[in-house]
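Peer 1: Here is how the chains run, residue by residue.
2 protein chains.
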Amino acid sequence: MPPLRLRGVLAPVVTPFHSDLSVAPERLVRHCQWLLAHGCSGLAVFGTNSEANSLAVEERIALLEALVAAGVPADRLLPGTGCCALPDSVKLTAHAVQLGCAGVLMLPPFYYKAVTDEGLYRSFSEVIQRVGDDRLRLYLYHIPQVAQVPITPGLIARLLQAYPRHVAGIKDSSGDWNHTRAVLDATAGSGFDVFVGSEVFLLQNLRAGGVGCITADANVNPHGIDAVVRNWQSPQAAELQARADQVRQTLQSVPLLPALKAVIAHFAGDPAWATVRPPLVELAPAERAALLTALGELGFQMPE
Amino acid sequence: MPPLRLRGVLAPVVTPFHSDLSVAPERLVRHCQWLLAHGCSGLAVFGTNSEANSLAVEERIALLEALVAAGVPADRLLPGTGCCALPDSVKLTAHAVQLGCAGVLMLPPFYYKAVTDEGLYRSFSEVIQRVGDDRLRLYLYHIPQVAQVPITPGLIARLLQAYPRHVAGIKDSSGDWNHTRAVLDATAGSGFDVFVGSEVFLLQNLRAGGVGCITADANVNPHGIDAVVRNWQSPQAAELQARADQVRQTLQSVPLLPALKAVIAHFAGDPAWATVRPPLVELAPAERAALLTALGELGFQMPE
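Just so you know, the protein sequences line up as chains A and B, in that order. Its first residue numbered 1, the first sequence is counted upward by one per residue in my numbering. Its first residue numbered 1001, the second sequence is counted upward by one per residue in my numbering.
I should point out that these hints are in silico values taken from the structure, not numbers from a laboratory. Among the hints, erroneous ones may be present.
As the list claims (entries may be wrong) - With beta-carbon atoms standing in for the labels, derived distance ranges:
| no. | chain 1 | residue 1 | chain 2 | residue 2 | range |
| --- | --- | --- | --- | --- | --- |
| 1 | B | G1132 | A | G71 | 32 to 42 Å |
| 2 | A | A62 | B | D1134 | 28 to 38 Å |
| 3 | B | G1100 | A | L256 | 37 to 47 Å |
| 4 | A | P271 | B | L1256 | 47 to 57 Å |
What the hints assert, rightly or not - A few chain A residues facing chain B, derived, Cβ under 10 Å:
| no. | residue |
| --- | --- |
| 5 | N53 |
| 6 | E58 |
| 7 | E59 |
| 8 | P87 |
| 9 | K91 |
| 10 | P109 |
| 11 | F110 |
| 12 | E118 |
| 13 | R122 |
| 14 | E126 |
| 15 | V281 |
Glycine included, each C-beta is placed from N, C-alpha and C at the ideal position.
Whenever a hint applies, use it, and build me the whole structure from the sequences.
Peer 2: Encoded structure:
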């Protein structure tokens, strides 16, 4: 049976490392449990802000198994499985489906630039066919400013036509509401679920027929962002959106990914949480101090 | 003992696939042997034009072992080992060193954009330290138009200062002679070897103190390009350079990587050689025919 569709707030869960840069599964499990208890309806592990592409394929497999073994419900998991190499994407996608994950979030292969839609269609199509499992729910991951390889409306249409049961939706991280709006309009009524990649567009997305957001800031502010989802039809919706935006703006005053880890390290009282793998670099002490001060001024907390 | 330094013409060897997209090691061995017999002094397997990032780590390891097992001399091999994930780069680099390869050609981690030189320094430094082998000779791979992550002069200087024995040179695929010239000037006398990424700059590079080129076109025209190297101080040098440039110009009239495979397929009488992995796409029949006609008009051959 295919899993239920995810909606609401998903976190691209940051991946904790030990100080020697090895992965720290026990910290990941605790963080995932905290996220689900505080407003996340799903966990988009192995996204951009998870340093997924800084992990080996076997590390991703081992971490996903550790999560499920620890009791994190597989039907809340939306792991990233899109790699440059087709065999890697197939292996990770098949593994996620076999574990019972709600779906997978797939980057296009991102090494070659200016590739054709035909080539990208073949990439996704080969994964779907080689995995060959009716339970597969594939969400496309459009993040052109990082991947430098866009998922065009024409590609979406072609994949939806060929694989209507498997192609389930998109995470649009373009940061361009007009683009999101065009995707919503083009896919309306088809059961194609549109997540925005930033909570800034969350209320707009819900009002326009989208299903939620998959946003880095949900790693530390799941409760604040989920408040928008729970109240989106109420008179307070705009105020709740503005409050979430304020936290986001503060987080984005420094490099975001190390900022998220620094905030978690602070509230967990666990300095090793701040570790990132190269080529990323942790916050400088002054950046960290300024960020925590600014969040303190907003009254921001990560409740236990 | 560290291997001798490579010079002259190196091919980023195209990787053959069966029609089911699996790798074809026996074809790769034959092509590598042909290249060494026809002008290549070295083989930069697993480069951009090798579809290296479309291969899984285990596929790269198995192919490299197949080459050495078939008698391709390890001291002629310069495999690409730079991946997005540090554990992958360490594994591939250590493996290449243990096999006795002449060196490795390392892309920077290329998923995150706008990363700092500090982060890139840590990436290369961690690989060098974790491999921990005096035989390692690391060549930096600067290809900003594809990787979108440049190797800056400042980064080169810092790596050379920290690891003067390990950091052996660069492949500059910027296509910007002023950049290559600046790198040559900045590293003159340090034993840092500069390869250009296109034979178009070969003669200029040799005259300015560079050691050769690592160029896709060497997959089909190693003899024509090597003629420039063998005669670079003779009066015919410019004419030989112009002849090589003409072949290059013709190859680049269509998408280059599938063009190389189409030309090899043609001269080998082996249509499956034309297979590429997505997101790349093979030449359309009309493109292929036009290319072969144009090469024929130049009198171009791949001799047996």
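Peer 1: Confirm or reject each hint.
Peer 2: Evaluated hints:
Restraint check, G1132(B) to G71(A): a C-beta distance of roughly 39 Å satisfies the suggested window 32 to 42 Å. Distance hint check for A62(A) and D1134(B): the Cβ-Cβ separation is about 32 Å, which falls inside the suggested range of 28 to 38 Å. At about 43 Å, the CB distance of G1100(B) to L256(A) agrees with the hint of 37 to 47 Å. Between P271(A) and L1256(B) the beta carbons are some 49 Å apart, a value that agrees with the proposed interval 47 to 57 Å.
Given hint, N53(A) at the interface with chain B, holds; its Cβ is 4 Å from that chain's nearest Cβ, closer than 10 Å. Annotation: interface hint on E58(A) holds; nearest CB of chain B at approximately 8 Å, less than 10 Å. The restraint placing E59(A) at the interface with chain B holds, with a minimum CB-CB distance near 7 Å, inside the 10 Å limit. The interface hint given for P87(A) is met, as the beta carbon of that residue sits about 4 Å from the closest beta carbon of chain B, less than 10 Å.
A cut of 10 Å between beta carbons decides the hint on K91(A): the least distance to chain B is about 8 Å, and the hint holds. The beta carbon of P109(A) comes within 5 Å of a beta carbon in chain B, closer than 10 Å, and the hint placing it at the interface holds. With a cut of 10 Å, the hint placing F110(A) at the interface with chain B holds, because the nearest CB-to-CB distance is about 7 Å. For E118(A), the interface hint holds, since its Cβ comes within 10 Å of a Cβ in chain B; the closest pair sits about 5 Å apart.
Among the interface hints, the one on R122(A) holds; its C-beta lies about 4 Å from the nearest C-beta in chain B, closer than the 10 Å criterion. Against a cut-off of 10 Å between C-beta atoms, the interface hint on E126(A) holds, since the closest Cβ of chain B lies about 6 Å away. This hint holds: V281(A) has a C-beta 5 Å from the nearest C-beta of chain B, less than the 10 Å allowed.
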